[in-house]
Amino acid sequence: MQKERPTRQFTRQEVAEHNTTGTAWTIIKNKVYDVTTFLEEVRFREVMEKERPTRQFTRQEVAEHNTTGTAWTIIKNKVYDVTTFLEEHPGGLEILLEQAGQDGTEAFQDVGHSGDARAKRDTFFIGDIVESERTKYMDDNVNWDPKSPEYYNFHDQKTAVDYVIYIFFVVLLIAAGYFFLFM
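Residue 183, in UniProt numbering, is where the sequence shown stops; the numbers in between run on with no holes.
It is possible that part of the hints are untrue.
Lysine-lysine pairs mimicking DSS-like chemistry, simulated, CA-CA at most 30 Å apart [stated by the list, open to error]:
no. : residue 1 : residue 2
1   : K120      : K78
2   : K76       : K120
3   : K120      : K136
4   : K136      : K78
5   : K76       : K31
Restraint ranges, calculated between C-beta atoms of paired labels, are given here [as the list claims (entries may be wrong)]:
no. : residue 1 : residue 2 : range
6   : R59       : D116      : 22 to 30 Å
7   : N19       : T123      : 33 to 41 Å
8   : G69       : V164      : 48 to 56 Å
9   : A107      : A160      : 24 to 32 Å
10  : T67       : N19       : 53 to 61 Å
No wet-lab data here; the hints were simulated from the structure. From the three backbone atoms N, C-alpha and C, an ideal C-beta is built for every residue, glycine too.
Start from the sequences and build out the full structure, keeping to the hints where you can.
Structure follows, in structure tokens:
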């Protein structure tokens, strides 16, 4: 049986004094943890991801990757290498191969993929389309968080057809009312 090793006791004030990049402590469930190296690793990763330029691809380069041996697709000007995911894709590899080598944005969005599917997609990211060949999408400035008011503003926009249908039903109701009242 293993003996519990004695732990040192710290006051909250002692822990609070360790709040710099050189020494960072935190309390979780009344236990004190030194998270200095963890924070350094996280900060390093964040800096590296921000600093590291992504590879740039032309649409022609992406078009060359349209087989089971190498399948790339574009979604919202980002390039994804989905070759290793072909066999795992829940909709079957044919779906991905139809979009391989081209812009699959509309197909991807039309399906209404879950947050998990979007996170999985992000693991296949390999670069961006070159600036001069980027497509402007009508929903580029939409906040896709369902908790945001912008989400509903975008999805609730009325078109001319909506108003024509509304007017048609109002006229139909008036005609029906007239018919039942005076006939």
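field: Holds or violated: K76 to K31, with C-alpha atoms at most 30 Å apart
entry: Roughly 45 Å between the alpha carbons, so the hint for K76 and K31 is violated.
query: Is it true that the C-beta distance of N19 to T123 lies inside 33 to 41 Å, as the hint says?
result: 34 Å, holds
Whether the CB-CB distance between A107 and A160 falls inside 24 to 32 Å: 27 Å, holds
query: Does K136 pair with K78 here, judged by a C-alpha cut-off of 30 Å?
result: Holds - the C-alpha atoms of K78 and K136 are around 12 Å apart, at most 30 Å.
- prompt: Are the Cα positions of K120 and K78 separated by 30 Å at most?
  reply: It holds: about 14 Å lies between the C-alpha atoms, which stays within 30 Å.
message: Tell me if the beta carbons of T67 and N19 are separated by a distance inside 53 to 61 Å.
response: Since the Cβ atoms of T67 and N19 sit about 54 Å apart, the hinted range of 53 to 61 Å holds.
task: Starting from the hint 48 to 56 Å, judge whether the C-beta atoms of G69 and V164 obey it.
output: 50 Å, holds
- prompt: Straight-line Cα separation of K76 and K120 no greater than 30 Å?
  reply: 16 Å, holds
query: Does the structure keep K120 and K136 at a Cα separation of 30 Å or less?
result: 24 Å, holds
- prompt: Lying within 22 to 30 Å: is that true of the beta-carbon distance R59 to D116?
  reply: 29 Å, holds
Hint violations for this structure: number 5 only, all remaining hints satisfied.
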